[in-house]
Amino acid sequence: MTRYLLSRLGSALLVTALASVGIFALIRLVPGDPVSVLAGPDATAESRAAIRAELGLDRPFWSQYVHWIGDLARLDLGPSYKLGGDVGSLISDGALNTVVLTLFALVLAAAGAIVASTAAVVWDKRWLNSLLSAVNTAAVAVPTFATALVLVLVFAVRFPVLPAGGTPPAGFFSQPDIALQYLILPGLALALPAWAALTRFLTESLRTELRQPYVTTARALGIPRRRIVLTQALRNALPATVTVLGLQLGSLLGGAILVEAVFAWPGLGRLVEQGISSRDYPVVQVLLLLSVVVFVLTQLVGDLIHAWLDPRVRLNGVS
Amino acid sequence: MTASVTEPLTPVPVGPVPGDPGPVRANRLRHALLHGRGRVGVVLVGLVLLLGVLGPLLAPYGPTEQIQGANLVGPGAGHWLGTDELNRDILSRTLYGIRVDLVVVFAAVPVGAALGVLLGLVTSWWPVTDVIAQRAFDLLLAFPALILGILITAFLGPGVFTVAVVIVAIELPVFGRLVRTSVRTVREMPFVEASQVVGATPWWVLRKHVLPNSLEPLTVQLAVSMSVAVFVEGAMSFLGLGVRPPHPSLGSLIKDGVRLLHEAPFFAAGPLTIVVALVLGLLLISQSLAEARRA
Chain A
1 MTRYLLSRLG
11 SALLVTALAS
21 VGIFALIRLV
31 PGDPVSVLAG
41 PDATAESRAA
51 IRAELGLDRP
61 FWSQYVHWIG
71 DLARLDLGPS
81 YKLGGDVGSL
91 ISDGALNTVV
101 LTLFALVLAA
111 AGAIVASTAA
121 VVWDKRWLNS
131 LLSAVNTAAV
141 AVPTFATALV
151 LVLVFAVRFP
161 VLPAGGTPPA
171 GFFSQPDIAL
181 QYLILPGLAL
191 ALPAWAALTR
201 FLTESLRTEL
211 RQPYVTTARA
221 LGIPRRRIVL
231 TQALRNALPA
241 TVTVLGLQLG
251 SLLGGAILVE
261 AVFAWPGLGR
271 LVEQGISSRD
281 YPVVQVLLLL
291 SVVVFVLTQL
301 VGDLIHAWLD
311 PRVRLNGVS
Chain B
1001 MTASVTEPLT
1011 PVPVGPVPGD
1021 PGPVRANRLR
1031 HALLHGRGRV
1041 GVVLVGLVLL
1051 LGVLGPLLAP
1061 YGPTEQIQGA
1071 NLVGPGAGHW
1081 LGTDELNRDI
1091 LSRTLYGIRV
1101 DLVVVFAAVP
1111 VGAALGVLLG
1121 LVTSWWPVTD
1131 VIAQRAFDLL
1141 LAFPALILGI
1151 LITAFLGPGV
1161 FTVAVVIVAI
1171 ELPVFGRLVR
1181 TSVRTVREMP
1191 FVEASQVVGA
1201 TPWWVLRKHV
1211 LPNSLEPLTV
1221 QLAVSMSVAV
1231 FVEGAMSFLG
1241 LGVRPPHPSL
1251 GSLIKDGVRL
1261 LHEAPFFAAG
1271 PLTIVVALVL
1281 GLLLISQSLA
1291 EARRA
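For the record, the sequence lines run as chains A and B.
Following this note's numbering, the residues of the first sequence are numbered contiguously, the last one being 319.
Following this note's numbering, the residues of the second sequence are numbered contiguously, the last one being 1295.
Just chain A, same shape as in the assembly:
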């Protein structure tokens, strides 16, 4: 296990390090200059040079890069160019909103998927399977932004029972009941495609498990089908599902950009958009690196959980 862990960790670190150089270079290649954004159209050459020197953009590339890594290590990201305020606090505010929303959606999707697929397998009724299959296909075939907007129009405009957008004014933790009202619509819109993918996968895995010899043995011993599904088949089907869940987290974060746009949710997605359009290097490069780190970490955690739940993965060595 240690060897497996170390090799996965090494490869994760390598990808992150490469990504940091790539992102730093890429941001500086984007056409348009933060100096002209800051200085305005009719600035003199001297004032532009002064701004350039103040931002440290006149130094060579590697010197800027090393400086940035040093800042990152000290968690002191300095002020943003354009969006106002400290980069660190801008990002941590946005990150809190996005993480709460994404985790809420993930929990909704996972819980919904476990309920739906075990129900489909335990009862195995024709109408239930057709219904689930139809809802599932609809959830995948309608774009997220369309679902989100329809949810707003139905539950916030036509029947105003839930807020149309924004984050709870008192924060997420002081008044959880009000926070929940703000989370339901964006959470549902975000969770729907992930729920569909998870349900499809888990139902399929459960069906495969039920064809295994150990299930036949259990049935022969007189253990009811429901108990086999809940206590044995589910446990064997979950490892692979966790990996799929990890992959879904990536697409949830991607989908969060759309949902945040519809629900005026001040999260990281909006920050990326604003940051790139105003050429705010300090904000954008940290955000892009953050998205790489999250991806690498979810992959790593998914692999490790998979190895922990399924000994064959870690015993067969490094893949």
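FYI, nobody ran anything at the bench for these hints, they're computed from the structure.
Please note that the accuracy of each hint is not assured.
Residues from chain B that face chain A, not an exhaustive set, calculated with beta carbons under 10 Å [stated by the list, open to error]:
no., residue
1, Leu1139
2, Ile1147
3, Gly1157
4, Gly1159
5, Val1160
6, Val1186
7, Ser1227
8, Pro1245
9, Pro1246
10, Leu1272
No residue lacks a Cβ here, since even glycine has one placed at the ideal position from N, Cα and C.
Got chain A sorted already, so can you dock chain B onto it with the hints?
This is chain B only, laid out in the frame that chain A set:
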């Protein structure tokens, strides 16, 4: 002198090669597409394709043509799908809008797939290039699709071409990794070793053994990727990174339609139906292919 005499000698497999796909498997996939769910999918995608290709002939008005006195008119004889807030015929705009998605789905996705397959095939044979390419693919995959979209738009500006580039960048690593898995499995097979003993070059093995063996998973992924591409176009148009305003695309039409859902509930219906039909068709195709593969 006949041409065949001057041709270089290449190893020719004698008789059926164990593990290689025979003509039976190709038939199985074709059978899946012509029956049941697969056929429904093919019909749906074919219908949308036909509407898009024949769009300019079928559309009663131009895509940006403004019709006097027809402001947010409901569906009727003159305007089958009604008109929008700028007096434009929604049916015509939808028909022209389909063409953007067709470019993205049937040009950008195959280009990304082909590039990914080629890169994955060539690099995965040697350990050094394999590590470099796989880490590069990891890196591309690490960015959520839309962040990649926003980043590429910062370089190229909004437009159909940008959407196509984004799709290529999203699909390239997906196919590169998929092909690599096939290369890894197939090269361990005894018949590959045997063909190397009789002098087959890496390129020959890749072309004759690896590629045919990976065609099935690649076809399934192609159908999945095409449905993803429809969403990416929609999402980018929705964020204002796709087609530029006066010109329609399915994504921008749905965005306008849902924005006006209260005043004109009919607006979004047409374009949304087309998107759902296209995605549903592609999903059904991918499901039926995946099922035929497992059977």
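Going through the hints against the structure:
Taking 10 Å as the C-beta cut-off, the interface hint given for B/Leu1139 holds, the closest approach to chain A being about 6 Å. A least Cβ separation of about 6 Å between B/Ile1147 and chain A falls short of the 10 Å threshold, and the interface hint therefore holds. With a least beta-carbon distance of about 9 Å to chain A, the hint placing B/Gly1157 at the interface is held under the 10 Å criterion. Proximity of B/Gly1159 to chain A is violated relative to the hint, the smallest CB-CB distance being about 14 Å (cut-off 10 Å).
Annotation: B/Val1160 was flagged as interfacial toward chain A, and the flag is violated, the nearest CB pair being 18 Å apart, outside 10 Å. The criterion of a C-beta within 10 Å of any C-beta in chain A is not met by B/Val1186, whose closest approach is roughly 16 Å, and the hint is violated. Proximity of B/Ser1227 to chain A holds as hinted, the smallest CB-CB distance being about 8 Å (cut-off 10 Å). Annotation: interface hint on B/Pro1245 violated; nearest CB of chain A at approximately 17 Å, more than 10 Å.
For B/Pro1246, the suggested interface contact is broken, since its CB lies about 21 Å from the closest CB of chain A, more than 10 Å. With a cut of 10 Å, the hint placing B/Leu1272 at the interface with chain A holds, because the nearest CB-to-CB distance is about 6 Å.
When held up to the earlier numbered hints, the structure conflicts with 4, 5, 6, 8, 9 and fits the remainder.
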